[in-house]
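Protein chains in written order, with this note's numbering: chain A, 35 to 167; chain B, 378 to 493.
The hints are simulated quantities; they were obtained by calculation from the structure and are not laboratory data.
It should be emphasised that the depicted structure is a prediction, and the values quoted were computed from it without experimental measurement.
A portion of the hints provided could be inaccurate.
To be verified - Label-pair restraints from in silico Cβ distances:
| # | chain 1 | residue 1 | chain 2 | residue 2 | range |
| --- | --- | --- | --- | --- | --- |
| 1 | A | A47 | B | P489 | 18 to 26 Å |
| 2 | A | N107 | B | L463 | 19 to 27 Å |
| 3 | A | E61 | B | Q396 | 22 to 30 Å |
Quick reminder that beta carbons are idealized off the backbone N, C-alpha and C, glycines included.
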Amino acid sequence: MKFMLMLYADDKAGAQIPQAEMAKVMETMSAYQAALEKAGAFVATSALAPSWEARTLRMEGGEIAGRDGTFVNQGGELKVHDGPYADTREQLGGYYIIDAPGMDEALQWAARCPAAQWGPIEVRPYHAGYAPN
Amino acid sequence: MRYMMLIHHDETALSQAEQKQLWADYAAFNDALAKAAGGETGVRLQPASAATTVRATGDRTDVIDGPYADTKEQFAGYFFVEAADLDEAIAWAKRCPSHRYGSIEIRPVHDPKSGW
Numbered sequence: 035m036k037f038m039l040m041l042y043a044d045d046k047a048g049a050q051i052p053q054a055e056m057a058k059v060m061e062t063m064s065a066y067q068a069a070l071e072k073a074g075a076f077v078a079t080s081a082l083a084p085s086w087e088a089r090t091l092r093m094e095g096g097e098i099a100g101r102d103g104t105f106v107n108q109g110g111e112l113k114v115h116d117g118p119y120a121d122t123r124e125q126l127g128g129y130y131i132i133d134a135p136g137m138d139e140a141l142q143w144a145a146r147c148p149a150a151q152w153g154p155i156e157v158r159p160y161h162a163g164y165a166p167n
Numbered sequence: 378m379r380y381m382m383l384i385h386h387d388e389t390a391l392s393q394a395e396q397k398q399l400w401a402d403y404a405a406f407n408d409a410l411a412k413a414a415g416g417e418t419g420v421r422l423q424p425a426s427a428a429t430t431v432r433a434t435g436d437r438t439d440v441i442d443g444p445y446a447d448t449k450e451q452f453a454g455y456f457f458v459e460a461a462d463l464d465e466a467i468a469w470a471k472r473c474p475s476h477r478y479g480s481i482e483i484r485p486v487h488d489p490k491s492g493w
């Protein structure tokens, strides 16, 4: 069963950490990835650019209506906003996708992740049939 | 540049939409993605209610039911696109059926070659 471990951290605080120190921190993340790989639990990982580089699209106003075999929003306008979807104390900074027998095992992997030391990790299973390979 | 497109939608509104049409739209969108934007289709997570959040404080690890952020719309899934710039990524977000039920966050993926 595939799970997404969503790593949240204060990205403004993270940006203040000197490069050399951050490189060492990333080595602990590489070691964690190696442990996942050794256990056959690793699927994928990515780090995201800071949340202030995000843009969020939102349809504003209008009504959703069926037309010509699809749905369209009539009268609404698609707006592009600066920043991430949610304005939160910590921000999504990256993720691991892992393969684990169940939520308990996935939580054990999350607790072992170095990122659990500096921010919360949300663990979510994938919808059946829509998980990554 | 590689962008992660994070879909946040209102789970209740989505469940009330005409399902056959919605998923036909999604199938068409995924086909277009697979052909044009690097061969990857989108993925879908289980509802936010199936999430668990781990937070470590010193030696203590708290395990909390539910997602990290309690929001009007919920993080539901994502897809990746290879796009020349933000405008091209925005065009892909506009094609995603979920933009009708919430919002789509566009985040550049960090390139490790550019350092930390």
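Okay, the hints, checked on the actual structure:
no.	hint	in the structure
1	A:A47 / B:P489: 18 to 26 Å	holds (20 Å)
2	A:N107 / B:L463: 19 to 27 Å	holds (22 Å)
3	A:E61 / B:Q396: 22 to 30 Å	violated (47 Å)
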